[in-house]
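Please work from the sequences and hints to get the whole structure.
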Amino acid sequence: MTKDILSISKVEKSYAGKEVLGSISFALEKPEIFGLLGPSGAGKTTLVKIISGIEEATNGETRVLGTNMPNLQQMKKIGYMAQSDALYSELTAKENIMFFSALYGLKKSEIKRRIQEIIAMVDLEQDMNKKVADFSGGMKRRLSLAIALIHEPKILILDEPTVGIDPVLRRKIWGNFQELKASGTTIIVTTHVMDEAEKCDRLGMIRDGEMIAIGSPDHLKSETQTESIEDAFLYYGGVLHAN
Amino acid sequence: MRIKAMVTRIIKQFVHDKRTIALLIVAPILVLTLLSLVFNGKEYTPILALVDVPMPISTELEESEAEVSNQSLSEAEEMLEEKQLDAFVTFENNTPTITLEGSDPTANRATLQVIQNVISKQQQNENVAMEIDYLHGSEDMTSFDNFGPVFIGFFAFFFVFLIAGVSFLRERTTGTLERLLASPIRRWEIVVGYVVGFGFFTALQTIILAWYAIYILDMMMVGNFLYVLLISLMTAFVALTLGTLLSTFANNELQMIQFIPIVIVPQFFFSGVFNLETISDWVSWVGPYTPLYYAADALQDIMIRGYGWQEIAIDFYILLGFSLVFMLLNTLALKKHRRL
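Protein chains in written order, with the UniProt record's numbering: chain A, 1 to 243; chain B, 1 to 340.
No wet-lab data here; the hints were simulated from the structure.
Among the clues, some could well be false.
Computed Cβ-Cβ distance ranges for the label pairs, DEER-style [what the hints assert, rightly or not]:
| no. | chain 1 | residue 1 | chain 2 | residue 2 | range |
| --- | --- | --- | --- | --- | --- |
| 1 | A | G215 | B | T173 | 34 to 40 Å |
| 2 | B | D17 | A | Q178 | 43 to 49 Å |
| 3 | A | G105 | B | L324 | 36 to 42 Å |
| 4 | A | A182 | B | I21 | 54 to 60 Å |
| 5 | B | T173 | A | M128 | 22 to 28 Å |
For lysine to aspartate or glutamate, the following EDC-like pairs were computed, each having C-alpha atoms within a straight-line distance of at most 16 Å [what the hints assert, rightly or not]:
| no. | chain 1 | residue 1 | chain 2 | residue 2 |
| --- | --- | --- | --- | --- |
| 6 | A | K140 | A | D123 |
| 7 | B | K335 | A | E56 |
| 8 | B | K336 | B | E171 |
| 9 | A | K108 | A | E152 |
| 10 | B | K83 | B | E253 |
| 11 | B | K336 | A | E56 |
Partner residues are not named here, just some residues of chain A that face chain B (Cβ under 8 Å, in silico) [as the list claims (entries may be wrong)]:
| no. | residue |
| --- | --- |
| 12 | A82 |
| 13 | L91 |
| 14 | L103 |
| 15 | W174 |
Since we're looking at a predicted model, the values are computed, not measured.
Built from N, CA and C at the ideal position, the CB exists for glycine as well.
So this is what it looks like as structure tokens:
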């Protein structure tokens, strides 16, 4: 019995007979920032949805903290930030946070404490009582991140968290990720931005629903004798095609 | 050139949305058909009972277009109570007395006309002396008094259906549904949450609508106001659960609106605004399968006939049944988004 945080073995997913993911396997053993890198349509979102318990794999096994997914109890230990800002624009930032904290069954005192912590982290103290409809794109992303963190999840799943965010803010958010990791949170982040991929502890490269490579950015570059992650990705993609 | 590009694009969009094309053609046909069925329907045939009516008149009535039977007074009264008759005729001191069921002005008119024709022919006199009693309603009752309760039910249904449907749909299109499903919430909790959350506003709408109709529009009302609220609220719950259920089958707000001519308008025709007996037989059977039919029946029972719980209980339970079934189906429909 492994004590893996996340273990995925031979996960396959198809929609109406069309294969989206084909036999993906990997495991996360200790807290780290794990990046899923690949072009859009590669299957990254499907994979993180399976991990978070929204979707179910057609075949294979997904275990989160030792329990098979999907499982409602385990979902409490996962924070999920979707690609689109799933916020209620008629509500204020605070009302949105309160709503989602209630879904995770947080107590009043806990909510009070957590709201202070997370809004300081994402820098939204001044905007808590503003309606989300009046938020900028960057503010909405930060609020989504705050909501994903409200229940102190063991695993944080972020689907393209920094799309449409300016470089200053992006650096700050990545700083947050490092802090979270240091406090024992495992972060799974999907991206198609190569320089962001460099910041991950390990990377899984996905193309056409297949995991074409896995390892630390340095390892992937040295193995392919390339200078950048982008070249490494192209190299692995080429190898796959040659076979 | 730009205009041409626009036109091409719009045509292409239509071609991709075959459903909208179908609606564009099918919906008007459907509504027109219903209208023609209703207005070109059969003449209303009054159903009469005769209680000791003397000879020439009774034979004449039997030969008229009305459906006539001979009954004892107590039998006739009972049948009238149960809406099996439109009226019964008795004779006192050579003066005919007509007791009408009275809640439907169309039936009243048709019934009185048949009897008047026969009696005036017999008495060779245009000004027939006869006494007319109403079990329910009165001669002052207008068609609006008769339709009114149906409209209360209909509007409660219509707007709640649309608004609940569109909000549930938005939940899906803005991604908040997916976000909800990433949390440990159960599918049925989402469904019940919607019913209760909307129920609050629905109750408010119901109270205002019923109050306005009865006290401002002065709609005929002989029953208990609380029963009117109870039935309207139940009707709105059916609309709420049906709206959220059907929103699963719509991809955007426009497609939600497309359900109006398919789901809402036909119910209206079978809800009692038009006497079901005048609607062609091959289509009148639809009524009992539509929730509004029971809502309208109960509301008319309360407001025109002044009936109490015993008479409306069945309608209430059927409406409750519809709501529960729709909620269950909605919970199942959400399986499409998450199995657990």
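How the hints compare with the structure:
no.	hint	result
1	A/G215 / B/T173: 34 to 40 Å	holds (39 Å)
2	B/D17 / A/Q178: 43 to 49 Å	holds (48 Å)
3	A/G105 / B/L324: 36 to 42 Å	violated (27 Å)
4	A/A182 / B/I21: 54 to 60 Å	holds (58 Å)
5	B/T173 / A/M128: 22 to 28 Å	holds (27 Å)
6	A/K140 / A/D123	holds (12 Å)
7	B/K335 / A/E56	holds (11 Å)
8	B/K336 / B/E171	holds (15 Å)
9	A/K108 / A/E152	holds (15 Å)
10	B/K83 / B/E253	violated (43 Å)
11	B/K336 / A/E56	holds (11 Å)
12	A82	holds (6 Å)
13	L91	violated (11 Å)
14	L103	holds (4 Å)
15	W174	violated (22 Å)
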